[in-house]
Amino acid sequence: MAGLHCSDCVFAEFSLNERTGMYQGTCSRGFTLADPRVHHEPEMYFAVREDGLVPVRDPFGREYLRTKNICDRFQPRKKE
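Quick note on numbering: the sequence shown equals residues 1 to 80 in my numbering.
FYI, nobody ran anything at the bench for these hints, they're computed from the structure.
Careful: at least some of the hints might be erroneous.
Unchecked claim - Pair ranges (Cβ atoms, derived):
no.: 1; residue 1: Tyr64; residue 2: His40; range: 13 to 21 angstroms
no.: 2; residue 1: Asp8; residue 2: Val38; range: 31 to 39 angstroms
no.: 3; residue 1: Arg19; residue 2: Arg62; range: 29 to 37 angstroms
no.: 4; residue 1: Glu18; residue 2: Leu65; range: 31 to 39 angstroms
no.: 5; residue 1: Glu41; residue 2: Lys79; range: 30 to 38 angstroms
no.: 6; residue 1: Thr67; residue 2: Arg19; range: 28 to 36 angstroms
no.: 7; residue 1: Thr67; residue 2: Thr20; range: 29 to 37 angstroms
no.: 8; residue 1: Lys78; residue 2: His39; range: 32 to 40 angstroms
no.: 9; residue 1: Arg19; residue 2: Glu63; range: 27 to 35 angstroms
no.: 10; residue 1: Tyr64; residue 2: Glu13; range: 15 to 23 angstroms
Unchecked claim - Taking lysine to any residue pairs in the SDA-like style, the calculated list, with each CA pair at most 25 angstroms apart, reads:
no.: 11; residue 1: Lys68; residue 2: Arg37
no.: 12; residue 1: Lys79; residue 2: His39
no.: 13; residue 1: Lys79; residue 2: Phe11
no.: 14; residue 1: Lys78; residue 2: Glu50
no.: 15; residue 1: Lys68; residue 2: Tyr45
no.: 16; residue 1: Lys68; residue 2: Lys78
no.: 17; residue 1: Lys68; residue 2: Arg29
no.: 18; residue 1: Lys78; residue 2: His39
no.: 19; residue 1: Lys79; residue 2: Gln24
no.: 20; residue 1: Lys78; residue 2: Leu16
no.: 21; residue 1: Lys78; residue 2: Arg37
no.: 22; residue 1: Lys68; residue 2: Val56
no.: 23; residue 1: Lys79; residue 2: Arg37
no.: 24; residue 1: Lys68; residue 2: Arg49
no.: 25; residue 1: Lys79; residue 2: Asp51
no.: 26; residue 1: Lys68; residue 2: Val10
A virtual CB, placed ideally from N, CA and C, is assigned to each residue, including glycine.
Using the sequences and the hints given, assemble the complete structure.
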């Protein structure tokens with residue numbers, strides 16, 4: 001997928017579920033990350049690739065109406 005994603009942000013962390021082979025992500029800023037194309041819980045919180053997870057709820061539990069794949073608090077990871 002083109003552009004920036006939560007997987008490029010210092011505040012996001014991802015783990016691979018070895019049983020399902022899918023990723024789950026967390027955001028230390030409080031955003032809920034999910035696959036926007038899946039509308040059923042808990043399936044929506046898992047994706048085949050890290051960059052498939054985007055912010056869907058803000059830190060206050062309200063729906064996050066996004067216009068891009070990242071939030072306004074995005075901070076890029078440093079290149080190693």
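Exercise. Between arginine 19 and glutamate 63, does the C-beta distance stay in 27 to 35 angstroms?
Worked result: Distance hint for arginine 19, glutamate 63 holds at roughly 30 angstroms.
For this session: Using the Cβ atoms, figure out if aspartate 8 sits within 31 to 39 angstroms of valine 38.
Result: With Cβ atoms ~21 angstroms apart, the hint is violated.
Exercise. Are threonine 67 and arginine 19 spaced within 28 to 36 angstroms by their CB atoms?
Worked result: holds (35 angstroms)
Problem set entry | Pair hint lysine 78 and histidine 39, alpha-carbon separation not exceeding 25 angstroms | violated (33 angstroms)
Exercise. Do the Cβ positions of glutamate 18 and leucine 65 conform to the proposed distance bound of 31 to 39 angstroms?
Worked result: holds (34 angstroms)
Exercise. Going straight from one Cα to the other, do lysine 79 and histidine 39 come out at no more than 25 angstroms?
Worked result: violated (34 angstroms)
For this session: For the pair supplied as a hint, lysine 79 and glutamine 24, confirm whether the alpha-carbon distance does not exceed 25 angstroms.
Result: OK: lysine 79 and glutamine 24 at ~23 angstroms, within 25 angstroms.
Exercise. Given the hint that lysine 78 pairs with leucine 16, does the C-alpha gap stay at or below 25 angstroms?
Worked result: holds (22 angstroms)
Exercise. Are the Cα atoms of lysine 79 and phenylalanine 11 separated by 25 angstroms or less?
Worked result: At roughly 15 angstroms apart (the allowed maximum being 25 angstroms), phenylalanine 11 and lysine 79 satisfy the hint.
For this session: Can you let me know if the beta-carbon spacing of threonine 67 and threonine 20 is within 29 to 37 angstroms?
Result: Because 30 angstroms falls inside the window, the suggested range holds.
Problem set entry | glutamate 13 and tyrosine 64 - C-beta distance against the hinted 15 to 23 angstroms | Once the Cβ atoms are compared, 18 angstroms apart, the range 15 to 23 angstroms for glutamate 13 and tyrosine 64 holds.
Exercise. Is lysine 68 close enough to valine 10, meaning Cα to Cα at most 25 angstroms?
Worked result: Distance ~17 angstroms between lysine 68 and valine 10 Cα, so the pair holds.
When held up to the earlier numbered hints, the structure conflicts with 2, 12, 18, 21 and 23 and fits the remainder.
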